[in-house]
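In order, the protein sequences belong to chains A and B. One point on numbering: in full-length UniProt numbering, the residue at position 359 of the first sequence is 359, and numbering is uninterrupted. One point on numbering: in full-length UniProt numbering, the residue at position 151 of the second sequence is 151, and numbering is uninterrupted.
Treat the hints with care, since some could be wrong.
As the list claims (entries may be wrong) - Not everything, but these chain B residues come out facing chain A in the computed CB check (under 10 Å):
{"id": "1", "residue": "A108"}
{"id": "2", "residue": "N109"}
{"id": "3", "residue": "G150"}
If you're looking for bench data, these hints aren't it; they were derived computationally from the structure. Cβ coordinates follow ideal geometry from the N, Cα and C atoms, glycine included.
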Amino acid sequence: MDLDPLFLSRLQFAFVVSFHAIFPVFTIGLASFIAVLEGLAYKTENSVWVTLSAFWTKVFAVVFGMGVVSGIVMSFQFGTNWSNFALATSNFLGPVLSYEVVTAFFLEAAFLGVLLFGRDKVPAGVHLFAAVMVALGTFISSFWILSANSWMHTPAGAELRDGFYHITSWSEAIFNPSFPYRFAHMGLASFLTGSFVVAGVSAWYLLLNREVEANRKALSMCLWLILFLAPTQAVVGDFHGLNTLEHQPAKVAAMEGNWETQSNVPLLLFAWPDQDAQSNHFEVGIPGLASLILTHEWDGVVPGLDAVPENEQPPVGIVFWSFRIMVGMGVLMIIAGLVGLALRPGGRLYETRWFLNSLRVMSVAPFLAVLSGWFVTEIGRFPWVVYGEMTLSEGLTPSLSGWMALVTLIGYAAVYAAVFTGGTYYLFRVLQAGLEASVEESFDIDHDRPKRPMSAPHVSFEHEPYPGEQGGNTSYQGGH
Amino acid sequence: MEAFDLSVIWAGIIGLGVIMYVLMDGFDLGLGILFPFAPDEGTRDVMMNSVAPVWDGNETWLILGGAGLLAAFPLVYTIFLPALYLGVFLLLAGLIFRGVAFEFRFKANTSKYLWNWAFAGGSMLASFAQGAVVGAYIQGFETENLRYVGGALDWLTPFTVLTGLGLMAGYALLASTWLILKSEGRIQDWAYRITIPLLVTVLVVFAIVSVWTPMIDPMVRERWFSNLSVIWLLPALGLLCAFQIVRSVRNRFEGMPFVATMGLFVFTYLGLIVSRWPYVVPPDYTLWDASSAWQSQLFLLIGVLFVIPIVLGYTAWTYWVFRGKVREGEGYH
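Same shape as in the complex, but just chain B (with noise of 0.2 Å):
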């Protein structure tokens, strides 16, 4: 029984590791690909500024995600990964672009356009490869005995194209209501004015991919045309969201695209998971076969615990030590 309820928990620590990632991660790495499109540099500039103080703390959430699993339930590791291989490796390249391009561009004066390329270029390809792994996990993953068997482009079809467009979509759409709350004048004008577009958008895909999905995956269609009728709840929710983004963005509300958005990432994270639970690793493995033993999930558990209060109270601390407005020629050179 013990074993049963560390997977939970353990379950709901990842969890929580994953869509704080999205959420934060999600409007820096948007902020990336809305780079090429800003009207000018003054604009970039604020872009990164906004960012600039937390988009540090945002990573950690990824990381200890990473770690967890391997520790928590190895299985998903080690299936995952090989699957993934070279998604996984686009991934991190992106992810390593990005990072070192954000700190040498601060500190460039001639070689800034160089860093703002890799920037964009990092953002870009790091998204659509979650976006990717997101439409792989939907997909499912070949196994034997324990062992992922598949090929090295398996993860690589047009429904996971679609989806790590889609996840480019959506970053781009938390990083324009981002925006709207962190800036003002032409740039936040500018905010406003693709952010109905960008919604569109992310819609549409997300619709594509909710029908897609029972279609391809008779399990995922049992769960939502069953007796289960509540869980209905969830894309009804997502869809109010929607809605009071456009609301919100007609009035020119501040604060309320943001909220909202994350809203509707975070129904849809929900509606993700109420699709395949149990399954950790489809269409095979549930959550209890991907674990490791339960002595192993409490020597990390302790540590844990400890490290999550202080991980999440710093990065309070810093939201609000930078709370307010970003004005332009303001924080950097």
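One chain only, chain A, in its complex shape (with noise of 0.2 Å):
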């Protein structure tokens, strides 16, 4: 078999992005959790409200340090794979993606290490405000990322002249037509993603009755965010899917498996779509709801893939059934938010066992909303690296061989693998430590340091026995 470069540098780099990109989803809904407890700390002084914070905020610290190293690759992988494409945008891109960095370097540099360490040792006002601070930079972080992906697949205030992109307009760049749609949909996609696991961490410290005055107000919170966000979503989402209808009508038209530009277009629930045979096996649909939802009118012309030819066509498949993967996420998070609101009546959303347990499988569902939708809109615009301007193959490095491409790949898989196995690790270590071990800690000098995200949480990386454990004690040890 060839080995083909270009496809495994495209593997390469979902592998690398997918793999980054679940940790500053939940950062960023997490950093914006932790100011509103901060908040609450402030003007009520309960106790409960500093618990909750001390230990989210060590949770948030070790998987902000995660985010960080697997992140570093990316930033050199424009250069070592798709060397032609950083050159041609790097009038954009560079200062774009530069600015991700410096924004980054500021937050840690100044507020980082005021909210990991600073509790005992600031004014609470000053701490409250790195804590808004904190939640603030992660949304700046993300504002330039997704300014320059966006910019990818909707370019403009651009030029290109001789080869290069040269701008012609900065805000016209910067804030490119798909950019608040996807702005916003990540934005509440970050807010679903940290809601969920606090409510599903929550949920299981409630069933092992640890520290349950605090834990039931972290569930409750979530589930009220969940609640009005989840379906928020779902009104976004279809936004998004408008302006992408409008900038790119083949993507949608992947998405929905739809292969001819008609009227009456149904919505497919399910369907096997065949790229060779140009259409779908076991098509099963609302007839019309395609068309409905698209147009906003029964008979609605929506696009078809056949409108472009088939050389430009997305690999149909696996976006129609991404796609469906997240829209059922979505369904099953908007579930999730009515059932609490419906047992919330005499306080049995605290002790209904099935909920809570349901609960804790639910923190991986906007993980996998998040990447299922991330591999709609990134292998949707295939075969487009610039959308309509500049392919996938010409962005890719001249002289990369299929060797070269697949040993790294293997490489940064093992390297991936083991690291984060050990991170993940460890992370599960502070959940098992729990709220109980974020009381008694204090600020350690020598110990702590702000850029050093991994040095906040105090407990140590080998198994010890947690509260409520099966078999283990239960009284609590200290894990420093």
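Once you've looked at the hints, go ahead and assemble the two chains, each given alone in its own frame, into the complex.
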């Protein structure tokens, strides 16, 4: 078999970016949650908020650390595997991606340290301010990254001269047509991810009867958020879809499994897209619904995959199914919010074991939704790297051979597997140690450094019994 | 004219970033290289504790430099990275392993030996790869029409292996003199003992590289043997630093060996820049060929000028807070 450097590079980028994405999507939501907890602690002086904030800040530290490490590789991949693309777009992507780095540095140097280690060292107001700035900083970072990504989908404010993009309007380029939708969609996704993880972990603690008062509060807050945000996300997602229909109709056609430009397009619940036959097998659909959603008319005409030449079609099957997984997860999230509301009277919410157990499982739902959503948007733009203007193969590093791409693909997979097995394992250790461990800890100036966020949780790497563990010692033993 | 000014300013910023990185991450990478040779576990604890508060900030400069390159000199970014493809992978893998090992070693009890190996292996790999990058830069790149057209392993030659090993020795020297400054007793004795052999190794490699480079490259020969004799001051000052290291180790001075080693690095670095200026992608492209549009350089410059003082201030503050000796049994577990 011939090793195709283009395919292997796409696979490598997809692997690294998917691995990376799960960390920031969680920390962005979590940072805002922590800021809210800090605000409540500041206003009410109820120690429960401090306990919750101290614990979730430690989780934040570990996940943030893993996000930074996994992100480093990506900033080099534009050059190693996609050098023609990097060179052509450098006038825009260079400064925009660098601003993300600058934002992150500023955040770390100035505020992360105060948030992680400054609770008893600085006035409460300053600590709250640091928490808000960290939350804001994570948003500014995602602002730059999503602006760069959106520009690749809907390039604007630039003209291509002699193989280089030259910026004609920075504001048009940064706020390009798909950016507001993508930013809103991802922002909500981050909030939902944070909510579901906190809800799932709190539910687990409640099942073990640990720190009941604090965990009930956290669970309740998250379920209120989910109740409102999950349906909002569906609406925002719809607007994002309409924006995509305008700029990338082939992607929407792949999402819908719609091969022909026609009116009265059904919304397919199930189908097996066959790219060679340019049609679907085993279609099950609701007549006219896709037309209604996309054009707001039952018999609206929706462009199909036949609108573009066959070699400009994205791989339909994976886009079609990824989209259904994302939507399916979204529906489950909406249901979780409604069930939570139904169980509120009499506080049954906190005692219904099947519900608490399903929330534990639902912690992974937003991650699945985010990853499948990114599969839809990124695979759906095939074969373009700058939509409609530069193809992936034009963007590839010319000197790259198949075996080079394969060696580094295997290499990065091995490195990530080793490092993140350790990281995830340690994260679970922090979760096992729980809120109880967060209360009595104090700042240790020799040990704790803001640029080393993982120094924040003082939890041992090896397994130690935690409260409520099966067959374990039920009394908590300090982890440090 | 605007473009001219900004390119030079950016060259200064990235040049500063590189030397800051080499000096600062150099000694903590060097400690990783010396790790397997340390007499005992107690020494390793002190070695790690001596850099624990600062190594994080040290790597900041690498990322700032890398991101700045894409924005200010995209051609350097898009030729170096493809040309050094496998080396870049080794460099990143090494840095990731040692960074993670650093954190988890502090939290580990029974699994400590595992993180020791990861820390040492990652540090050696990253240092060698960085040295090889320097060698590859001296060697030059095969390019055509703004693209790298050479092979995957062009960067790996006897010359770059030599510069790779040379930088490993240099980083180890930075580490041993750093340890003289930060430790005492038997650990300091050990650091004094290994400093002179390390210095000799470094000087031998430097000597070979200095003779080899003008031989492989007529442009470098021209630069050094033309009328510009003032640049001979740089190697002279470098040798003076080497002499200072020997003298201060003999007299058991504590700070001077580290300062003189940093001097040795700075003068070598300046010598390297002088050899190639203004070529940033030798032998074909200069600073100005490699520049992005001046609006792009300007756009980022605003943010960077804002953040550099903060990073510098934060760095200085950290080193100030953690000045003084690191003793056994202090700091961590």
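Evaluation of the provided hints:
With a least beta-carbon distance of about 4 Å to chain A, the hint placing B/A108 at the interface is held under the 10 Å criterion. Because the beta carbon of B/N109 sits about 6 Å from the nearest beta carbon in chain A, less than 10 Å, this interface hint is met. For B/G150, the suggested interface contact is upheld, since its CB lies about 7 Å from the closest CB of chain A, less than 10 Å.
The structure is consistent with each of the numbered hints, conforming to all of them.
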